[in-house]
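Use the sequences and the hints to build the structure in full.
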Amino acid sequence: MLASQRMNTVGRSQPAAARAMASSRLGGRVSRRASLQVVAAEKGKQLMMWEALREATDEEMERDPCVCVMGEDVGHYGGSYKVTYGLHKKYGDMRVLDTPICENGFMGMGIGAAMTGLRPIIEGMNMGFLLLAFNQISNNCGMLHYTSGGQYKAIRSDNPIIFFEHVLLYNIKGEAGGPDEVQCLEKAEMVREGTDVSIFTYSRMRYVVMQAVAELEKKGYNPEVIDLISLKPFDIHTISQSIKKTKKCIIVEECMKTGGIGASLSAVINESLFDDLDHQPPEQ
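With the sequence shown counted from 1, adding 545 to any position gets you our numbering.
Where hints are given, some of them may not hold.
[As the list claims (entries may be wrong)] With a cut-off of at most 30 Å between alpha-carbon atoms, the simulated DSS-like pairs for lysine-lysine come out as follows:
no.: 1; residue 1: Lys777; residue 2: Lys789
no.: 2; residue 1: Lys802; residue 2: Lys790
no.: 3; residue 1: Lys790; residue 2: Lys763
no.: 4; residue 1: Lys732; residue 2: Lys789
no.: 5; residue 1: Lys777; residue 2: Lys802
[To be verified] Simulated DEER-style distance windows between Cβ atoms:
no.: 6; residue 1: Thr740; residue 2: Gly805; range: 25 to 31 Å
no.: 7; residue 1: Asp821; residue 2: Thr692; range: 36 to 42 Å
no.: 8; residue 1: Arg737; residue 2: Asn649; range: 39 to 45 Å
no.: 9; residue 1: Leu677; residue 2: His621; range: 20 to 26 Å
no.: 10; residue 1: Gly657; residue 2: Gly765; range: 57 to 63 Å
no.: 11; residue 1: Gly765; residue 2: Lys634; range: 51 to 57 Å
no.: 12; residue 1: Glu799; residue 2: Tyr691; range: 26 to 32 Å
no.: 13; residue 1: Leu822; residue 2: Arg737; range: 17 to 23 Å
no.: 14; residue 1: Thr740; residue 2: Lys634; range: 48 to 54 Å
no.: 15; residue 1: Cys647; residue 2: Asn815; range: 37 to 43 Å
no.: 16; residue 1: Glu799; residue 2: Met593; range: 18 to 24 Å
no.: 17; residue 1: Gly650; residue 2: Asp820; range: 46 to 52 Å
no.: 18; residue 1: Tyr691; residue 2: Asn815; range: 44 to 50 Å
no.: 19; residue 1: Asp725; residue 2: Lys802; range: 38 to 44 Å
These are computed hints drawn from the structure, not numbers from a lab.
Owing to the predicted nature of the structure, the values given are computational and were not obtained by experimental measurement.
Cβ coordinates follow ideal geometry from the N, Cα and C atoms, glycine included.
Dropping the structure here:
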């Protein structure tokens, strides 16, 4: 389902200015060759998802010389999905590092590099491949922030982040903001306001849902659509406000039922919002 993901792993706590990454610029040390430079995004500019991901990575690398990328084929080849295309020529071998096909090895290397002060973006290429590095992700990366008393952080978050990218969305176009525009990764997005039912979804299924909603509108229904965005933690405030308004919910996803995202969300809704759901069967 999820073709690739990148992890902004842990990094030692930096001074406030460095954490904000507002003052660290590479200046003249970076090649400004027009074919490689990614200019600051103008509000409303249309980009494909892979282009937006590359631009965001480039912006963070330009803001902070401690940010680097590592993974399989991210350097000379430019990434299997071109998300790092051109960055190797711009930043060199030390900041865009091609690794061997050994997920547990380069994941552990990235975590260790982060502990010494770097801010690595570890490209995993495929969810199935990264299962080979689950020990490093769960037992090392996932616990260091807490076992160290908060000394280790990601690029702009106080915790490591796993960012999932669906392979079928790379060529979807959307609006991209400027380099100083950031989005809260723990807040869901209200895609469409409605009153009849709350539809919770994420990733590619957002686009499938909106196609279905267009058909529902023709039949007189008014569904509310919420893109979860954050899969852990859920934005409980947005979820609860929607359910309290519509009294009904549908969860749309591609994940498996056992241990899946929808199963977790369903459990949370039943535990915390059961009394807000309408339990009366609809009239036929």
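Going down the list of hints, with the structure as the test:
{"no.": "1", "hint": "Lys777 <-> Lys789", "result": "22 Å, holds"}
{"no.": "2", "hint": "Lys802 <-> Lys790", "result": "26 Å, holds"}
{"no.": "3", "hint": "Lys790 <-> Lys763", "result": "22 Å, holds"}
{"no.": "4", "hint": "Lys732 <-> Lys789", "result": "18 Å, holds"}
{"no.": "5", "hint": "Lys777 <-> Lys802", "result": "17 Å, holds"}
{"no.": "6", "hint": "Thr740 <-> Gly805: 25 to 31 Å", "result": "28 Å, holds"}
{"no.": "7", "hint": "Asp821 <-> Thr692: 36 to 42 Å", "result": "38 Å, holds"}
{"no.": "8", "hint": "Arg737 <-> Asn649: 39 to 45 Å", "result": "42 Å, holds"}
{"no.": "9", "hint": "Leu677 <-> His621: 20 to 26 Å", "result": "23 Å, holds"}
{"no.": "10", "hint": "Gly657 <-> Gly765: 57 to 63 Å", "result": "58 Å, holds"}
{"no.": "11", "hint": "Gly765 <-> Lys634: 51 to 57 Å", "result": "55 Å, holds"}
{"no.": "12", "hint": "Glu799 <-> Tyr691: 26 to 32 Å", "result": "31 Å, holds"}
{"no.": "13", "hint": "Leu822 <-> Arg737: 17 to 23 Å", "result": "20 Å, holds"}
{"no.": "14", "hint": "Thr740 <-> Lys634: 48 to 54 Å", "result": "52 Å, holds"}
{"no.": "15", "hint": "Cys647 <-> Asn815: 37 to 43 Å", "result": "42 Å, holds"}
{"no.": "16", "hint": "Glu799 <-> Met593: 18 to 24 Å", "result": "21 Å, holds"}
{"no.": "17", "hint": "Gly650 <-> Asp820: 46 to 52 Å", "result": "50 Å, holds"}
{"no.": "18", "hint": "Tyr691 <-> Asn815: 44 to 50 Å", "result": "28 Å, violated"}
{"no.": "19", "hint": "Asp725 <-> Lys802: 38 to 44 Å", "result": "41 Å, holds"}
Violated hints amount to a single one, hint 18; each of the other numbered hints is respected by the structure.
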